[in-house]
Amino acid sequence: MDLVQTVTNALVVGAVGLLLGVMVRSLHGQIRSLRAEVRRDIADLRREVRQAIGDLRREMGDLRSDLTQVALAVGARQRANRNR
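In terms of numbering that gives the first Met the number 0, the sequence shown opens at residue 0 and continues consecutively.
Simulated from the structure, these hints should not be mistaken for lab results.
Being a predicted model, the structure only gives us computed values, none of them experimental.
Here a beta-carbon is modelled for each residue, glycine too, at the ideal position from N, C-alpha and C.
Wrong hints could be hidden among the right ones.
[Claimed, not checked] What follows is a list of derived Cβ distance ranges for each label pair:
# : residue 1 : residue 2 : range
1 : Val69     : Leu33     : 27 to 33 Å
2 : Ile41     : Val3      : 45 to 51 Å
3 : Arg39     : Met59     : 29 to 35 Å
4 : Arg45     : Ser25     : 47 to 53 Å
5 : Gln68     : Leu33     : 48 to 54 Å
6 : Ala14     : Gln50     : 51 to 57 Å
7 : Leu33     : Val3      : 30 to 36 Å
Please take these sequences and the hints and turn them into a complete structure.
Put into structure tokens, the structure is as follows:
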């Protein structure tokens with residue numbers, strides 16, 4: 000009787016272990032694909048932020064140029080002591 004219980008317990012433990020192994024392997028694959036997706040999303044966001052920063056710098060340069068033109072048009076003179 001003890002032998003039957005031992006074998007039954009061993010089979011149940013083995014089956015549960017096998018099931019858990021399959022589940023963990025599946026989760027590992029899902030996590031790996033999610034990590035790859037997140038990395039792609041981060042790379043896309045970095046590209047977008049760099050593009051936005053470049054656009055802002057160009058707009059600031061254009062605005063600076065426009066302000067210079069307005070200042071020259073109203074007769075403003077360049078300061079002798081420019082702190083940059």
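#### Entry: C-beta pair Val69, Leu33: status relative to the range 27 to 33 Å that was hinted
Violated, since Val69 and Leu33 (Cβ atoms, about 53 Å apart) do not stay within the stated range.
### Message
Can you tell me whether the CB distance of Ile41 to Val3 sits inside 45 to 51 Å?
### Response
For Ile41 and Val3 the Cβ distance comes to about 56 Å; the hint is violated.
### Task
Using the beta carbons of Arg45 and Ser25, state whether their distance is inside 47 to 53 Å or not.
Once the Cβ atoms are compared, 31 Å apart, the range 47 to 53 Å for Ser25 and Arg45 is violated.
#### Entry: Pairwise beta carbon distance, Gln68 to Leu33, judged against the given window 48 to 54 Å
Given about 52 Å between the Cβ atoms, the range holds.
#### Entry: Leu33 versus Val3 beta-carbon gap, inside 30 to 36 Å or not
Cβ of Leu33 to Cβ of Val3: about 45 Å, so the range 30 to 36 Å is violated.
### Query
When you take the CB atoms of Arg39 and Met59, is the distance between them in 29 to 35 Å?
This hint holds: roughly 31 Å between Cβ atoms.
#### Entry: Ala14 paired with Gln50, Cβ distance criterion 51 to 57 Å
Given a distance of about 54 Å, which is inside 51 to 57 Å, the answer is holds.
The structure does not agree with the numbered hints 1, 2, 4, 7 stated previously, though it agrees with the rest.
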